[in-house]
Amino acid sequence: MLGELKGAHASQDQRPDRLSDWTNQELADLYRVKRLLDAAGVPNALDRGLTDEGDPWMVFVGGDGEVFIHLCRLHGVYVLDSPNLKSPLRGADFNALIEAFTQRSLPRSETEADPEGRIVRITRGGKVRLHPSALLAALIWTLFLASEEIVLRMPEAEEADGGLADLEALGFDGAAPATGMPMLMTDSPISLEKMAERDGSEIDPRHMAAQEAFLRDHGNAVHHNSYGMGLSTIAIAFGFMAEQSLTDAPEAEANGFLTESAAEASDEEDESRVLADNKAKTSEEGAEQAAVITEMTEAEARSLAKAEAAAAVEAKETLDAAEAVAESKAFVGNMPKTEKAEVQLWVDADYPADPPQSVSTEAPAPKAKATAMVTPKAEQPVTQVTEVAKAETSAPAEPAFMTLSSLRTIYQTTEMESYSFGDLVVKSSFDLSILEEGDSGLGMLDGLPFLDLGAFDQDVSDSSASIAPGKAMTHLAGNEREFDSDALAFMSYLLGKESPVEWIVAEEKVIILDTAALQPGQDSSIMTWISEDGSLTSILGLQSEFQDFGLIA
Amino acid sequence: MLPNQDLKIMLAELHKTTPEESKEQRSALGLWLKSLREARGLSQRDLADLLSLDYYTFISQLENGRGKIPAHRYVEWAEALGQEPRDFVKTLLRYYEPSTYQILFEQQTAS
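Chains as they are written, first to last, in my numbering: chain A, 1 to 553; chain B, 554 to 664.
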């Protein structure tokens, strides 16, 4: 319909102006946020557009079709607003937005908020840095939990029972495990009065009550989703989610809750990728997923040394923070608890430490030096700071999707069927037999060189289990491109679209199909990228969207 | 009190808006709002200034069919766009709450 916003087909006001629109890096970060929210079970869709003056905006739309986050960039300043905020947050970058919200959310005094000294805070300028996307996702997760949708389902009362009814409203259909931890049920009502006294934050205490009641009643279901756990952990550690929602439960203390969740998750071989070092199934996955982040410039190293030499209270807090995060780390693995665990977080590589300060008229350099990443081997998840510092001088990090294994983090959550072609196993999210049928939009897939199954057979028979990149390349049409930031941005956009994508995976090759491009009458294009490890990624998508991203003329 | 049978018929005939339909209706409303603004010769920023909005991108968002005008500001919006408030709100209701609009204004007419 005219005026309907469709992803990259931005506002009806004008087509996306690449000079003032979201940059590729911003888009990648925001779509990363969406994926984290998707993984946490938050039903959301993204829409974006440009104003009549060319300023970009983006909205997160909930499952009910209502906007729960509005984000825009005006004269280089980000503005984030939500129905649960008294006033919009503003900041020069995503970190500043987080800082603005954190400042509003912090209690009047640390003692007041945490008389027992159990709240752990990850302070800025410390050893730990988080990807802006992860922080932004945690913020949006917090705002989402405090959304009016939940409040409206609360019983009318000054005190709210722990009894939020409709878990389905948040789209957690089937997310709660059949067996698992006992619900953190309690009959004690949540006193709005006490909350108002305790919390001087921007958020209406009724919203906080709704949030706490929801988490109390459904905390297990929510947080057993490892991404939700990770986002909550970040939010609590950074001070913009109430820690009490986890610690007041009579059956569990916060750490115990996390540990128990860890045991449950590890038993079920959960594959959390947001926080914590995973029990990697392969060393390659572990290398991709487990990373230690530090940004130890000289100045920070000096200030860190000062901080560490400071009062015993500071040192204790650092240890507490490390312990708390170590619990998160143990959440999905059998990692032993360590007293001084470095935070290990999944973070995409090759991004600037902060989003661009000003609008760039050119796409960011694909090899821009970013926060250096160290990818320890899976068997050595804990890395000392000194080792990290040394590793910073190593080869520049690679974009998250540059290797097939990192793409696996996405499609592994997709249900796929296996098909055998001789010794070759191909996995697909749809019935591959329709490729043999007559008239089908998928017929154009025959043009993809590595869908020539005969070629597969030849490769496999001539080599060992893995197809050598050199051999694979002999079958390519020569139109493949090197995987770069433009490809990353397009792929991120595609995976965030409302129209579903289908997958075909075989050895070192992945094909992503945008089902919107398979509709009759649609102009489609296929593009293939090759990564440095020789893996191939092809996308079949709408020609117009390839053009929007500047990938084709 | 309506007889149970009549109530059942009424409920069965109520049109439950699907998310897709809701999106289409919002898009249509967005176009309408844009036409009203342009008819007044206002830019998106001008309208935002008239309404004392924190960020004018909200206008673009609404005109693209996302979000809603806050109910407590219906009258201000009507005045900013040069519309009679009652008619303006009736149109908003038609798009925001089609089932309610149907009950209030269409079924009554039919009966």
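Hints are computed from structural coordinates only; laboratory data are not their basis.
Treat the hints loosely; a few may be bogus.
[Claimed, not checked] Taking lysine-lysine and the BS3-like style, the derived pairs with C-alpha atoms no more than 27 Å apart in a straight line are: (1) K621(B) / K86(A); (2) K427(A) / K497(A); (3) K497(A) / K621(B); (4) K643(B) / K621(B).
Since this is a predicted model, take the numbers as computed values, not measurements.
- prompt: Which numbered hints turn out to be false for this structure?
  reply: none
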